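Visitor: Take a look at the letters that make up each chain.
There are 2 protein chains.
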Amino acid sequence: MNPHHAFLQALSNTLPTLSIKTDTESTQHWGRDWTVHFDTHCQAVIFPKTTEEVSVIVKLANEHQTPLVPSGGRTGLSAAAVATKGEVVISFDKMNQIGQFYEADRMVEVDAGVITQSLQEFAKNQGLYYAVDFASSGSSQIGGNISTNAGGIKVIRYGMTRDQILGLTVVTGKGDILTLNGGMLKNATGYDFRHLFIGAEGTLGFITKALIKLEKQPINLTAMVLGVTEFNGVVTLLAQFGQALTLTAFEFFDQLAVDKVIAAGHTKAPFESQAPFYVLLEFEAINDDVLNLAMGVFEQCAEEGLIVDGVMSQSIGQLQELWKLRESISETISAFTPYKNDISVLISHLADFISDIEHIVTANYPDFEICWFGHIGDGNLHLNILKPANLTKDEFFEKCQTVNTYVFDTVQKYQGSISAEHGVGMTKKPYLTYTRTQTEIDYMKAIKAVFDPNGIINPGKIFD
Amino acid sequence: MNPHHAFLQALSNTLPTLSIKTDTESTQHWGRDWTVHFDTHCQAVIFPKTTEEVSVIVKLANEHQTPLVPSGGRTGLSAAAVATKGEVVISFDKMNQIGQFYEADRMVEVDAGVITQSLQEFAKNQGLYYAVDFASSGSSQIGGNISTNAGGIKVIRYGMTRDQILGLTVVTGKGDILTLNGGMLKNATGYDFRHLFIGAEGTLGFITKALIKLEKQPINLTAMVLGVTEFNGVVTLLAQFGQALTLTAFEFFDQLAVDKVIAAGHTKAPFESQAPFYVLLEFEAINDDVLNLAMGVFEQCAEEGLIVDGVMSQSIGQLQELWKLRESISETISAFTPYKNDISVLISHLADFISDIEHIVTANYPDFEICWFGHIGDGNLHLNILKPANLTKDEFFEKCQTVNTYVFDTVQKYQGSISAEHGVGMTKKPYLTYTRTQTEIDYMKAIKAVFDPNGIINPGKIFD
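Order-wise, the sequence lines are chains C and B.
Each residue of the first sequence is one higher than the one before, counting from 1 in the working numbering.
Each residue of the second sequence is one higher than the one before, counting from 1 in the working numbering.
It is possible that some hints are incorrect.
Claimed, not checked - Keeping only pairs whose Cα atoms sit at most 25 Å apart, straight-line, the calculated DSS-like set for lysine-lysine is:
no.	chain 1	residue 1	chain 2	residue 2
1	C	K387	C	K399
2	B	K216	C	K445
3	B	K399	C	K445
4	C	K216	B	K216
5	B	K59	C	K445
6	C	K59	B	K445
7	B	K216	B	K124
Unchecked claim - Restraint ranges, calculated between C-beta atoms of paired labels, are given here:
no.	chain 1	residue 1	chain 2	residue 2	range
8	C	N454	B	Q438	13 to 23 Å
9	B	D442	C	Q217	34 to 44 Å
10	B	K393	C	Q100	19 to 29 Å
11	C	S273	B	E103	29 to 39 Å
Derived by calculation from the structure, the hints in this document are not laboratory data.
Every value quoted in this text rests on a predicted model; they were computed, and no experiment measured them.
We put the CB at the ideal spot given by N, CA and C, even for glycine.
If we strip away everything but chain C, and leave its shape as in the complex, we get:
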């Protein structure tokens, strides 16, 4: 017997048109995100269509003490959108309308379930640009992006998802509907709850709509891929190019990542030389002056021996081809059962930090392959440890847990973040104190109690 039978019955009575699925295929499909470390256990999936329906659902869930887990595009990497304790999952798949467009404000209202790529395409059709972009933008939903404050490849120029959100409609854990900030650039009328819900991973309430800032379309985006002799050089290049140009991206990856991407047939090598590290940088080549500036920095850095070799895109086709080097990494290495970390430190600490980590892993686990890549312009590194063929998945993950402690000790040493853009969910929950103090976590719990006094909303995520 479904322990939430009475809740589901009450839902059907109150919202007779609400779609409710309880079959195993559905609960397994909607009950999980991209993380693989947890078994899904979900009693039902429900598909509201309006903010008001979400409010009714949350109020009934409070009455029946039924925990609710939000489900967006299910592309999360920290298990914030996984039901493991027989919760009821609330999917935003049917709240997927793009609403009013405010041309003079360059702003559009979207439902939480709108796919990131749909918003990008909408913006493009208006002659504008939605600036948040990452590998899963074809599946991820705006509500999930907001709940994890998603970052991606353009943060250096446009900021995080947080920076695009001019207004937010949320249903709190008590079922109250809050319409926050109304799209204004300036509004100094008390606490800005918008920013509390952004990045809260659905633990304070559910985001149902957002007012999104759009940007002007970038002009003639141009990428360079550079081979770099040592990691310090990556940081120097960031400073040099960052000083001369307004960068729209500054990514890095290592030779191992390039080898795997090429072996998987995603693209070809950028040039004949090999290098321990690569940088992909991008800028708007609005005119020849800018191109000359970029070439000048390139030549100077090459003279200084920082760059082994380099290539610059001459067309959109070449730009897209160069980006494949970076954007195919995640998909390519997924075949090697990677143990993923998503960490950040100040740029000032990057070189020392990477050196420490490489030392730790090679000293303790000489048979592990480490694949480094990341949004280095934001101090954000994806550290991926690839499973050696001779280890089982369980043996490998067990060893990685130990590596994890070393890695997070090092993150803490440099006062960094154990989760730069993937959130905490369940996978990073045991490590939260490496970045946040116990006092902060206690305040978080008290804040959750304000918005969700019965602990109905995504319980057991971020903290217990």
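Place chain B on chain C using the hints.
Guide: Structure of chain B alone, referenced to chain C:
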């Protein structure tokens, strides 16, 4: 007998070097900001030098039930930093050090009491730029800027104070020291309390330090002042110039403001023609292409009859002279005992909104002069009603209270903000429900109870 004698005695015992002033001149000086509607009543002013001292003070204040009012540069316009009930004032004047500079991160740590202009000068000396600027930057302190999320004249390009804050050290109302976000661009580890303290007007705790993002210095800033025939034209110009250029400012003011500024001898008329409205726009003229673009838009708008006349700065001196037209307004009209409003609506609603307000005021108060100016590129208007000579100050303010209700009804009609960048403090507290719902205010009170359970920290500000 000072009712807070025991508290002050305990302070002296615990922090023997702490400066405490109780003389009337000091309490009157530090006990108020720029607002004039409240009588100052303050028992003592204390001057901590470190975050740890602030923590000790707050803990003792909790023990003794002594309310504390923060005091920064005292330039606030909403009475958030005024002691009226015999509170003890905590001044940040002695916490005024500029700390570590992180070159690779373009970031600097500053104490709360650092003057905005000192930070601007520090940035300039590093070849960088602190982007928040407004009329009171020579006196205002960073802690106060953060607590009110100060805006100013460059928001259209660089955002609010909120957008410059990469890390924050705060002492909560319980006396806990929180060090938030550590300067990282990406950090998805639970609730971002930084954004809760920004704009909280010192009601949740006291900001003691901040990590501030610096920008690259702008290149060849160039201003245009344009005379505009009707308000709709201002919005059209914003769209046209905003599409062609990356604007660093887009301000507007009316003929009355220009008349007063010129009569006061601050500068001369920008050109011979007169116009009901003026726009001051600014951009980086990085090369001739950009200048030509700007001139092209100007010519097109002039042909369409939107622009009466215009002038463009050809040097830094001319740039500064044109800015005087806008920046002298506030000081100039202060001689006319203005009743100030600081409101914002979506740019999409601006023209209708202004038309409604003008209709209301001229219909009901034909003898009132209205001076309009503001950061129109952010939807932010400063509506100033000037006192007719035949009314006493009290008669005038009483009438203004009634106008206020009409104005705020109109703000509410367009779902705008009754305080765009000045905060709520005490002056806007009675009107908070025009922008925030009672449910939101109830949540605010509950959040305050989490960080300040004894109501020690700046009580009676924002809400009761």
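Visitor: Between B/K393 and C/Q100, is the Cβ distance one that fits in 19 to 29 Å?
Guide: 44 Å, violated
Visitor: Has the hinted range 29 to 39 Å been met by the Cβ atoms of C/S273 and B/E103?
Guide: With Cβ atoms ~30 Å apart, the hint holds.
Visitor: Between C/K216 and B/K216, is the straight-line Cα distance small enough, at 25 Å or below?
Guide: Satisfied, since the Cα-Cα distance of roughly 20 Å is no more than 25 Å.
Visitor: Would you say the C-beta atoms of C/N454 and B/Q438 sit inside 13 to 23 Å of each other?
Guide: 22 Å, holds
Visitor: Does B/K124 sit within 25 Å of B/K216, going by the straight-line distance between their CA atoms?
Guide: 9 Å, holds
Visitor: Check the hint pairing B/K216 with C/K445 against an upper bound of 25 Å on the C-alpha distance.
Guide: Given that 25 Å is the threshold and the Cα spacing comes to 39 Å, the pair is violated.
Visitor: Can the restraint linking C/K387 and C/K399 be considered satisfied, given a maximum Cα separation of 25 Å?
Guide: 10 Å, holds
Visitor: Do the alpha carbons of B/K399 and C/K445 lie within 25 Å of each other, as the hint requires?
Guide: This hinted pair is violated, its Cα atoms lying about 47 Å apart.
Visitor: Is 34 to 44 Å right for how far apart the beta carbons of B/D442 and C/Q217 are?
Guide: 43 Å, holds
Visitor: Below or equal to 25 Å on CA atoms is what counts here, so check C/K59 against B/K445.
Guide: Given that 25 Å is the threshold and the Cα spacing comes to 22 Å, the pair holds.
Visitor: Would the pair B/K59 and C/K445 pass a check requiring their Cα atoms to be no farther apart than 25 Å?
Guide: Answer holds: B/K59 to C/K445 is near 22 Å, not above 25 Å.
Checked against the numbered hints given earlier, this structure breaks hints 2, 3 and 10; the rest are met.
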